[in-house]
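Visitor: Single-letter residue listing:
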Amino acid sequence: MAEEKKEMPLKKVMIIVAKGTIEDIYAGLVMANGAVMEGIETKMFFTFFGLDAIIKKRQNKSKTSTVGNPAMRMPGGLPFPTLLGMLPGVEAGVSAMMKSQMAALDVPPVDEFIEMIVAGGGELYACKLAFDMFKLKEEDLDDNVKAVITVGELYEMSGGEGTQIIFT
Amino acid sequence: MATKTYAGVNVEVTEEGYLTDPTQWSKDIAAEIAKEEGIDLTDKHFEVFDYLRTQHEKGVQLTIRMVGKSGITDIKGLYTLFPGGPLKKSSRISGIPKPTSCV
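As they're listed, the protein sequences go chains D and U. Each residue of the first sequence is one higher than the one before, counting from 1 in my numbering. Each residue of the second sequence is one higher than the one before, counting from 169 in my numbering.
Incorrect hints may appear among the rest.
[As the list claims (entries may be wrong)] Here are the simulated lysine-lysine pairs, BS3-like style, with alpha carbons at most 25 Å apart:
(1) K237(U) / K172(U)
(2) K256(U) / K266(U)
(3) K237(U) / K11(D)
(4) K146(D) / K244(U)
Keep in mind that the hints were calculated from the coordinates and are not lab data.
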């Protein structure tokens with residue numbers, strides 16, 4: 001077997017999702033689900049536009065921005081001109097394509113992904129400040145959200161050896 | 169690469185303890201690997217192994233979502249059967265390679 005490693009195993013991750021595009025939301029969800037699957041204690045904290053991931057009416061309707069995204073490419077690999085991204089329907093088309101490409105890799109829709117994370121023991125929290133700022137109500141949130149908490153409470157949960165806070 | 173003896177059989181395993189040849193697998197070997205993982209096997213576990221091995225033979229890149237939809241158990245059940253490693257532990261005990269999927 002492998003020589004003894006001196007690394008400290010990761011025991012807990014706090015994953016913060018602050019943006020609401022498809023890729024920002026999924027980056028957080030993939031990290032969280034992966035952590036749960038590794039047996040790592042996992043808590044997610046959704047704030048600002050990242051709250052869309054846990055708002056029932058919006059969670060499966062996130063979009064990829066087709067403007068101001070210089071890394072975006074056409075299907076053949078050519079750069080995607082920002083001007084094109086402004087045309088009606090382009091954002092919707094690109095977003096649908098992103099989702100279908102992920103579905104092909106067995107990546108589930110956001111609501112189902114959240115179910116999977118919670119089934120594995122992961123916990124979801126909403127940021128109180130953003131929740132108040134956007135004038136949300138408890139009933140707007142996915143039923144899997146455990147609580148609306150303050151940043152102070154987030155830090156209180158972040159104690160313990162081998163804990164990392166990950167801001168996606 | 170290393171050789172290990174499970175249930176009286178010498179098998180090749182990777183550094184992380186996955187069998188390199190899934191055909192060497194047997195239920196007795198599974199029971200001993202499971203013991204290393206701290207898991208007592210039940211019929212349900214073997215149903216999962218059957219599913220994993222069949223899918224692996226077909227060349228499918230496995231995810232826990234697939235296993236959760238296999239009708240054998242749901243995702244919560246899978247975590248209960250293989251605490252702390254629903255796909256990795258189940259793959260290792262069923263003698264197939266370490267999962268290569270990120271979901």
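Visitor: All hints are to be evaluated individually against the structure, with a verdict given for each.
Guide: The hints, checked one at a time:
no.: 1; hint: K237(U) / K172(U); verdict: 33 Å, violated
no.: 2; hint: K256(U) / K266(U); verdict: 6 Å, holds
no.: 3; hint: K237(U) / K11(D); verdict: 28 Å, violated
no.: 4; hint: K146(D) / K244(U); verdict: 17 Å, holds
In summary, the numbered hints that this structure violates are 1 and 3.
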